[in-house]
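Respectively, the protein sequence lines represent chains A and B.
The numbers in our numbering rise by one with no breaks, and the one at position 101 of the first sequence is 162.
The numbers in our numbering rise by one with no breaks, and the one at position 69 of the second sequence is 130.
Calculated from the structure, these hints are not laboratory results.
Hints may be right or wrong, so weigh each one.
So the derived label-pair ranges between C-beta atoms look like this [stated by the list, open to error]:
1) E363(B) x R118(A): 32 to 40 Å
2) M105(B) x I295(A): 51 to 59 Å
3) E194(A) x E191(B): 43 to 51 Å
4) D264(A) x I72(B): 57 to 65 Å
5) V376(A) x D369(B): 57 to 65 Å
6) C320(B) x K253(A): 34 to 42 Å
7) I245(A) x K104(B): 35 to 43 Å
8) I372(B) x K253(A): 51 to 59 Å
9) S78(B) x K63(A): 20 to 28 Å
10) N171(A) x N367(B): 29 to 37 Å
11) L381(B) x M266(A): 47 to 55 Å
12) R118(A) x K253(B): 43 to 51 Å
Pairs of lysine to any residue, SDA-like flavour, derived with a Cα cap of 25 Å [as the list claims (entries may be wrong)]:
13) K104(A) x R175(B)
14) K103(B) x S120(A)
15) K138(A) x E363(A)
16) K384(A) x G319(B)
17) K77(A) x I174(B)
18) K92(A) x I72(A)
19) K197(A) x Q114(B)
20) K222(A) x E380(A)
21) K384(B) x H230(B)
22) K103(B) x N162(A)
23) K222(A) x I256(A)
24) K211(A) x N106(B)
25) K222(B) x F377(B)
26) K63(B) x R168(A)
27) K103(A) x K176(B)
28) K63(A) x S193(B)
29) K150(B) x D163(A)
According to the in silico footprint, chain A covers these stretches of chain B (three or more CB under 8 Å from chain A) [unchecked claim]:
30) 134-142
31) 150-157
32) 172-181
33) 279-292
Since this is a predicted model, take the numbers as computed values, not measurements.
Note that the Cβ used here is the ideal one computed from N, Cα and C, for glycine as well.
Protein chains: 2
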Amino acid sequence: MKHTINDIARITGYSKSSVSSAINNKPGVSKKTREYIMSVVKKMNYTPNEHAQNISRGSYRTVAIIVRDIANPFYAKMCRSVEEIAEEKGYSTIIVNTGGNDERLMRSLNNLIRKRVEGVIVDVSNYNFEFSELIKSHFIKCVVFGIDSKDFDSVEADDNKASYNMALHLVNSGYKSLTFVCPILERNVYSKRRIEGIKRLVDSMPDVEFKTIYYDDSSSVHTGYDIAKEVVEILKPPAAIMAFNDLVAIGIIQYLMGCGYLIPEDYIVTGFDNIDSILFSLNTVNIPVYEMGECAAKMLFERIQNPDKEIQTHVFDAELILKGR
Amino acid sequence: MKHTINDIARITGYSKSSVSSAINNKPGVSKKTREYIMSVVKKMNYTPNEHAQNISRGSYRTVAIIVRDIANPFYAKMCRSVEEIAEEKGYSTIIVNTGGNDERLMRSLNNLIRKRVEGVIVDVSNYNFEFSELIKSHFIKCVVFGIDSKDFDSVEADDNKASYNMALHLVNSGYKSLTFVCPILERNVYSKRRIEGIKRLVDSMPDVEFKTIYYDDSSSVHTGYDIAKEVVEILKPPAAIMAFNDLVAIGIIQYLMGCGYLIPEDYIVTGFDNIDSILFSLNTVNIPVYEMGECAAKMLFERIQNPDKEIQTHVFDAELILKGR
DNA sequence: TTGAAAGCGCTAACAA
DNA sequence: TTGTTAGCGCTTTCAA
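Start from the sequences, fold in the hints, and give me the full structure.
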């Protein structure tokens with residue numbers, strides 16, 4: 062049913078090793094036999110078994126990307142850019158979706174270890190000791206995406222500066238009160254960084270008020286929609302709401318519009334990430350996710366080639382995208 | 062560096078086979094030795110090599126999902142539901158993103174064959190002979206997602222009925238002219254099905270006019286934004302635009318709003334898919350993607366267990382979601 | 001240029 | 001209950 066290299070050897074009359082050399086484009090077979098062998102390979106529809114190849118050569122040529130939400134176009138883009146680099150290098154890419162769940166993260170990591178991945182690019186919403194230890198104990202190369210890390214290489218965006226600038230834009234537009242809606246700090250380190258950015262501005266402006274509203278959930282459209290109910294109770298229009306990301310912003314806006322509020326007259330809502338599927342007039346922050354993914358992948362392969370090089374961190378600038386006002 | 066089963070055997074003083082039995086929870090080892098072996102396994106941080114296990118037992122327990130755009134939340138949801146079922150069955154899932162590119166589709170399929178996947182769930186935007194033949198010649202089980210198929214099991218939504226109903230709703234709302242914006246027929250079989258649904262209605266209403274505007278691109282927000290320029294030239298407000306899916310609808314709406322048009326007063330735009338990140342007032346069609354993914358996965362595993370059963374097709378109802386008017 | 005043989009890490013049949 | 005042995009599909013070394 063499924064042919065093996067032995068079948069090809071038997072049919073062609075050559076040995077396994079010659080067939081292997083022919084298939085893998087290695088020297089040591091005459092042009093004639095190579096062509097003959099390849100013709101039989103083709104005719105028989107033979108495809109080498111990757112597992113056997115891996116086992117035999119003791120190398121697995123696989124990397125993984127671990128993200129918390131593949132349904133967020135932001136991460137989908139990141140995966141795409143990583144996959145491209147990996148394919149160039151002849152590596153397979155495994156995409157793992159954790160849903161921000163640490164238990165699933167660890168279960169997936171164990172599966173990846175079973176598969177002997179050489180490296181992972183991981184988007185963790187928070188520092189995870191258990192994860193780091195397991196990665197290190199198995200000598201898996203790792204690039205952390207989104208936040209800095211003392212243990213591994215990392216690629217991040219300048220959240221602090223970006224949220225500072227967004228806050229500044231709102232203040233310059235005349236808003237005297239800013240409200241940041243984000244995941245609880247225990248859930249997501251980005252909350253802290255972005256809050257710090259906003260605070261850095263607000264602290265220098267005594268007449269500007271700053272509030273935070275937290276949710277303990279993943280940052281989705283639904284979450285934004287739900288938390289918006291709380292927001293309107295606390296916050297009377299006109300007001301400025303800074304949402305943790307675009308999805309949450311969309312959810313908030315949907316709720317507000319459903320209540321009959323005018324956007325941005327009653328509530329101005331800002332986002333983060335600059336995903337494609339956004340409302341026309343949403344001010345957001347562009348995270349150069351494609352470039353960051355590319356950078357992360359390159360760093361990972363450099364690390365695989367040279368495990369002992371110094372740990373590096375790349376910080377990307379995140380600029381304001383003012384599509385609204 | 063990386064331990065093998067031999068190391069564990071050596072350290073514990075037991076044989077490979079005993080270690081193997083202990084690890085795989087198989088009978089034939091005393092409770093005492095099993096516990097001892099497992100303690101060493103734990104201490105040594107040993108994880109079995111899945112490739113070797115696969116090779117040795119001659120089974121690979123892997124399925125794949127092939128989708129055209131993982132950045133579309135619609136497909137991300139589908140993948141999630143399939144993964145859940147697969148995990149229950151002890152299978153790994155590989156997600157492949159083709160970008161609607163047939164060349165990439167074939168390259169990926171060859172990789173999957175190399176990995177000896179047992180089955181695939183595939184979302185092809187169009188019938189692909191080469192793909193079908195390759196799948197069949199390697200005895201890979203297959204479930205087609207979205208459209209029916211004579212070669213494989215399939216799961217689909219009732220596009221025809223849904224677009225009929227959406228058109229009916231617009232007509233009932235007073236629109237005498239409907240314009241459907243969709244991918245060219247060669248690119249996407251869904252275009253045809255949805256057009257047929259609308260035509261079925263329009264043909265019974267002599268006073269209603271029906272137009273189509275085609276694009277030759279993937280159905281994204283950007284595509285919608287771009288094609289909208291063409292739409293406004295052809296179509297004067299007030300008018301009804303039926304977009305191929307929600308992403309395209311969002312793109313169109315963004316462009317129209319940018320031009321200063323009122324939605325839905327000047328142009329009413331409808332979508333398809335019912336993804337989360339949509340504008341508040343978008344009328345769309347709910348495709349029960351989660352249930353469909355679940356169904357597809359179950360069909361796939363049934364087919365793996367019983368390769369000779371009759372080919373099946375499940376059709377899911379797709380109901381109107383009227384969030385607008 | 002070719003082939004024989006060993007070995008990769010594991011499972012499974014069978015013997016002890 | 002435990003160990004020995006063969007074998008999974010492949011690569012690689014080395015000898016012919």
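Check each numbered hint from earlier against the structure, then list the numbers of those it violates in ascending order. Per hint list: zero violations.
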